[in-house]
Structure formats: C-alpha cells, structure tokens
Amino acid sequence: MTTSTAPIDAMTERHMQKKAKASAAGQKRKWTPGMIIAFIYLGIMLFITLFPFFWMIRTALTPAAELVADSGQLFPNNPTWINFQRVLGFTTREEAIAAGGTGATIDFIGYTWNTIVFAGSIAVVQTLSAAMAAYAFARLRFKGRDLLFSIVLAGLLVPGILTLLPNFALMRQMGWLNTMHGLVAPSLLMSPFAIFFLRQFFLSLPREVEEAAAIDGVGPFMRFWRITLPMSRGPIATMMLITLVGMWKDFLWPLVAGNADDTRVLTVALQRFLAQSPNVAPDWTGLMAAATIAIIPVFIMLILLGRQLVQSLNFSGGKM
Amino acid sequence: MTDFNLLSDPNFIGFDNFREMFGDSGMWNSLRVTIYFVLGNVIIGTSLALISAALMQRLRLKSWVRSAMLLPWLVPNVAIALVWAWLLDANLGFVNQLFRNLGIPTLSFFNETQAMPMIIGIAVWAGLGYTSLLLFAGMTQVPVEQYEAGAIDGASETRMFFKITLPLIRPVLALVLVLSAIGSFQVFDIVLIGYDASPIPAVRVIFFFIYQNAFSFFRMGYASAVAIFLAIILGALTMIQMRLMRANRSDLS
Chain A
1 MTTSTAPIDA
11 MTERHMQKKA
21 KASAAGQKRK
31 WTPGMIIAFI
41 YLGIMLFITL
51 FPFFWMIRTA
61 LTPAAELVAD
71 SGQLFPNNPT
81 WINFQRVLGF
91 TTREEAIAAG
101 GTGATIDFIG
111 YTWNTIVFAG
121 SIAVVQTLSA
131 AMAAYAFARL
141 RFKGRDLLFS
151 IVLAGLLVPG
161 ILTLLPNFAL
171 MRQMGWLNTM
181 HGLVAPSLLM
191 SPFAIFFLRQ
201 FFLSLPREVE
211 EAAAIDGVGP
221 FMRFWRITLP
231 MSRGPIATMM
241 LITLVGMWKD
251 FLWPLVAGNA
261 DDTRVLTVAL
271 QRFLAQSPNV
281 APDWTGLMAA
291 ATIAIIPVFI
301 MLILLGRQLV
311 QSLNFSGGKM
Chain B
1 MTDFNLLSDP
11 NFIGFDNFRE
21 MFGDSGMWNS
31 LRVTIYFVLG
41 NVIIGTSLAL
51 ISAALMQRLR
61 LKSWVRSAML
71 LPWLVPNVAI
81 ALVWAWLLDA
91 NLGFVNQLFR
101 NLGIPTLSFF
111 NETQAMPMII
121 GIAVWAGLGY
131 TSLLLFAGMT
141 QVPVEQYEAG
151 AIDGASETRM
161 FFKITLPLIR
171 PVLALVLVLS
181 AIGSFQVFDI
191 VLIGYDASPI
201 PAVRVIFFFI
211 YQNAFSFFRM
221 GYASAVAIFL
231 AIILGALTMI
241 QMRLMRANRS
251 DLS
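Same order as they appear, the protein sequences are chains A and B. Be aware that the first sequence starts at 1, since it is given in our numbering, and climbs by one per residue. Be aware that the second sequence starts at 1, since it is given in our numbering, and climbs by one per residue.
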C-alpha cells in the first residue's frame with residue numbers, strides 16, 4: 001500500500017533479468033521512489049522490532065544508581081555485570097541490596113533449569129506419544145478408530161481456558177500442585193493438534209515398505225519405530241520445535257500450578273520478581289537483566305535454527 | 001454449576017452461576033474491553049503485517065530479515081510486557097522521554113483512554129513478525145508469472161497487490177484473521193505485567209476476570225461458568241477456522 005507506482009520499464013527489466021536467471025543474489029535493483037519508501041518502511045519496522053531488545057540489554061548493563069542520570073543515553077557510562085550477577089544469585093544479600101535489589105532470593109539459574117525441564121520434557125514426550133497415536137490412527141485398523149479420532153479432533157475445539165480450572169482442581173486434589181510432575185502432567189502425553197498434524201503426514205508416506213515388513217513378520221511397534229519414525233524426522237522435529245517454543249512461553253498454567261521455588265519457570269519468575277519490587281520505583285535494571293536471561297535461550301535458538309523456525313511457522317498455524 | 005471454592009466440598013447450585021454471570025456488569029465490562037482489544041489487535045496487526053509481508057515478498061529480502069522479524073514471537077509475553085512496561089515507564093521510560101523531548105504528551109498505563117491502545121500496541125508489536133511471516137508464506141505460493149504478466153500489462157505495484165496478491169492469498173488471510181482473533185481473546189500476560197494484579201477497569205480483560213475470580217476470590221464455580229461462556233465463543237471461532245483449513249487452499253490449485 002505504501003508502494004507507489006513503479007514505472008513499467010523497471011518491472012519489465014526485472015522480468016528480463018529473471019529470464020536471464022540473474023534474479024539471485026547479484027541482482028541489480030533499479031531504485032524507484034516506491035522502492036525507497038518500501039525499504040524505509042521495512043527498515044523502520046525492523047528497527048522497532050529490535051530496538052526494545054537493545055534497550056533491554058542496555059538497561060541490564062546499567063548500574064541501578066545511574067539509571068536516572070543515564071536514562072537518555074544510548075549506552076551506559078559505566079557498564080556493569082552486577083545486575084546479571086545478582087539475579088543469577090552470585091552475590092550476597094547485602095551486595096544485591098546495594099545494587100538496587102530487594103534482597104529477596106532470586107535464582108534465575110534454577111528457573112532456567114526448571115523451564116528447560118518443563119518445556120523440554122513436554123516437547124519430546126508429547127511429540128513421541130502423539131506420533132504413536134497418530135501412527136495408530138493412520139495405519140492400524142481397529143474397532144472404533146474413526147470414532148476415537150473424531151473425539152481427538154473435537155479436542156482441537158477446546159480452548160485452554162476451559163481445561164485450566166479443572167486441571168488445577170484435579171492437581172490440587174492429587175496433591176501435585178507445585179511439583180514438576182504436576183506441572184507437566186496435563187500436556188505431557190497428549191496434544192490433539194500434534195496427533196492431527198502427524199497423522200496427516202503419516203498418511204502421505206508410501207505404505208509399501210511397511211507392508212513388506214509386515215509380511216516378514218515385523219510387529220506394528222517396530223514398523224513404527226524402525227520405518228515410519230525415521231522417515232518422518234522433519235515433521236517430528238518441527239512439531240517438537242513448535243511445542244518447545246509454546247511451552248517456553250507458557251505462563252498461566254505454571255503461574256497457578258507451579259509457583260514454588262523448585263518448579264518456578266522463567267515467565268512466572270519474571271512476574272514474581274516484578275510483583276516483589278516496589279511499585280513506585282521498580283528494580284528496572286535487575287528486571288531487565290532477568291528478562292535478558294529469559295530471552296537468551298530463544299535468541300540462540302533463532303540464530304541456530306532461524307530457517308527451520310520460519311518454515312515451521314506454516315504448520316504451527318493451528319497452535320498459537 | 002457449583003459454589004466450589006477449593007476448600008469446602010462443592011454444592012450443586014444449578015444455573016445460578018450462569019444467571020449471576022449474565023447480570024454481572026463486571027463480566028460485561030470485561031467482555032467489552034476484550035472485544036475492543038480483539039478488534040484493535042486483529043485490524044491493526046493484520047494490516048501492518050499485510051504491508052510488511054507484501055513488501056518482503058516483492059523486495060526479495062535476505063532471509064535473516066525474516067528471522068529477525070520473528071524474534072518477538074519467540075519471546076514470552078511476560079518478558080515482552082516487562083520490556084515495554086520499562087520503555088513506557090512514566091518517568092524514566094525511553095519512549096516517554098523521547099515524547100517529552102519532542103513535546104508530545106506522555107503516555108500512561110493508568111489513563112483510561114490510553115490504557116487499552118497501549119496494550120493493543122504492545123500486542124501488535126509482539127505479533128507482527130509472526131503474522132507477517134504466515135502471510136508471507138501464503139504469498140510465496142503465488143506464481144511469479146502472475147506478477148510478470150501484470151508488469152507487462154503495465155500494472156503498478158499497488159494495483160498488483162490489490163488485484164493479484166490479495167485475492168490469491170484470501171484463504172491464508174482468512175485463516176490468519178480467525179487465528180489472531182482466537183489468540184487475542186486470550187490476552188492476559190500483558191495486562192497482568194502492566195498492572196501488577198490490579199488493572200483498571202478499562203483493561204480488565206475476560207481472561208483476567210476469570211483468573212481473578214478463580215484464584216483471588218476463590219470462586220471456582222463462577223470462574224468456570226465464565227470460562228464456559230468464553231469457550232463457546234472461542235469454539236465458534238475455531239469451527240470457522242477448521243472450515244477454512246479444510247476448504248480449498250486457494251484459487252491457485
């Protein structure tokens with residue numbers, strides 16, 4: 001919409017270039033006013049997207065005492081690691097208070113570990129368990145299969161809010177609140193979306209190999225484990241990645257079910273950290289250091305797996 | 001349908017919770033501000049994402065740009081809300097300092113009329129990369145020949161966007177609209193962080209209403225009634241979504 005009219009010759013030129021297979025990296029662009037506006041727009045978007053992260057890191061590196069004096073500057077005058085040290089629990093209580101903290105125990109190494117256990121175990125176990133179910137729905141014949149599958153599909157219609165309160169009441173009754181097994185229990189084994197998604201993929205695989213194996217007397221589990229699973233590495237990895245990201249971001253369930261020291265995940269820890277710091281003057285430098293720690297793992301993931309993540313988006317549509 | 005409060009045993013009280021819910025002005029207020037949020041987030045977010053996606057598609061940018069746009073999607077909403085709460089801090093926040101220096105009135109989370117637009121702004125920011133990339137993925141399905149033909153016929157980029165891109169990605173666009181509407185109904189984290197458990201009525205969204213009733217007032221039964229009401233709304237939206245997913249992918253195939 002912001003692109004104004006690009007002259008015809010620019011377009012036909014691009015067309016010719018493509019015919020000459022020059023459309024790859026070395027393509028020369030003809031600069032038109034429309035394209036300049038477009039680049040400026042995207043540049044601004046990119047800047048707005050990335051600037052808050054820069055500001056977060058910059059604040060995390062600022063000594064709390066200099067926050068007011070430095071607030072308008074792009075870089076802190078006396079950068080320091082103290083904020084990271086104190087949210088990671090490397091400083092004594094006195095040192096933390098001197099650096100602007102409240103003195104409450106904060107242990108972001110522990111919270112990061114909790115998050116890795118929480119998100120990682122769900123991503124791996126849920127995907128494998130969903131894959132087995134999906135395999136059964138795709139390949140095995142048994143009584144009531146289609147009925148069962150439509151019940152699973154109906155699960156796609158159930159929003160998270162409807163299961164939150166019953167799950168909470170159930171975990172409470174079993175005494176599983178504030179335990180790691182209680183935290184992962186509701187989503188560890190089952191995800192209608194994962195079953196639906198993987199079944200679609202399994203159906204698209206050729207049956208011949210499996211049939212040959214079946215004739216040779218290979219049982220259904222080994223056919224799944226040795227044949228189907230290795231052939232579906234891509235979709236399985238995609239599913240795990242999507243689940244991992246989703247669980248890493250999860251907040252409401254861990255907030256109500258796992259708000260204790262040995263189960264607290266990063267999102268809940270951040271919220272609690274904010275709630276504990278004084279309302280009039282929140283401990284911004286410490287909070288930004290903590291937020292940075294919560295973001296570093298996904299940032300590393302983005303750098304390592306950027307392309308896979310972008311591609312996996314196409315499938316994740318039903319999930320978010 | 002009970003007066004369950006987690007401590008005593010639940011008593012069956014029929015439809016009283018539902019009756020109370022429909023007469024509860026707090027609930028209607030929450031639903032109203034939630035719908036305000038949903039409309040704002042979906043309309044502004046999707047429009048900006050459409051522009052960004054179209055530009056990314058036609059300018060053939062390098063893939064690191066797309067990865068960078070995706071960063072906010074990977075970050076937990078709690079962290080996003082925290083960073084923006086700091087950027088928008090009334091005294092020291094970067095944005096408000098910038099505004100003060102430029103002579104623009106500063107923003108406050110506790111201003112009745114500004115509060116919701118600010119929440120919407122943060123949500124749009126957080127979802128922009130994700131939505132753009134979904135739309136971008138849809139646009140890459142459009143054959144290049146269409147644009148070449150358009151160019152030969154002398155169509156401008158703007159005209160090609162409305163006459164080629166938009167009609168051909170209609171199914172993806174519809175899906176994105178429904179998905180972001182479903183997601184928007186469930187906004188919670190940003191409000192909780194921005195207001196530290198006591199949001200002003202103008203931003204007390206429905207998820208917060210349920211959370212508060214269940215875990216602050218310990219009215220599990222009533223909270224469940226509201227949750228069921230919300231689930232029916234979301235279920236209807238999901239039905240539409242599944243229709244769209246099953247429907248023909250696009251006019252392309």
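To be clear, the hints were calculated from the coordinates, so they are not data collected in a lab. The reader is advised that the hints may include incorrect statements.
Partial list, derived from the structure: chain B residues whose beta carbon lies under 10 angstroms from chain A [to be verified]:
| id | residue |
| --- | --- |
| 1 | Ser-52 |
| 2 | Ser-63 |
| 3 | Ala-68 |
| 4 | Ala-79 |
| 5 | Ala-85 |
| 6 | Trp-86 |
| 7 | Gln-114 |
| 8 | Phe-188 |
| 9 | Phe-215 |
| 10 | Leu-234 |
We put the beta carbon where it would ideally sit given N, CA and C, even for glycine.
Consistency of the hints with the structure:
no.: 1; hint: Ser-52; verdict: holds, 6 angstroms
no.: 2; hint: Ser-63; verdict: holds, 6 angstroms
no.: 3; hint: Ala-68; verdict: holds, 6 angstroms
no.: 4; hint: Ala-79; verdict: holds, 5 angstroms
no.: 5; hint: Ala-85; verdict: holds, 8 angstroms
no.: 6; hint: Trp-86; verdict: holds, 5 angstroms
no.: 7; hint: Gln-114; verdict: violated, 19 angstroms
no.: 8; hint: Phe-188; verdict: holds, 6 angstroms
no.: 9; hint: Phe-215; verdict: holds, 6 angstroms
no.: 10; hint: Leu-234; verdict: holds, 4 angstroms
When the structure is compared with the earlier hints, a violation turns up for hint 7 alone.
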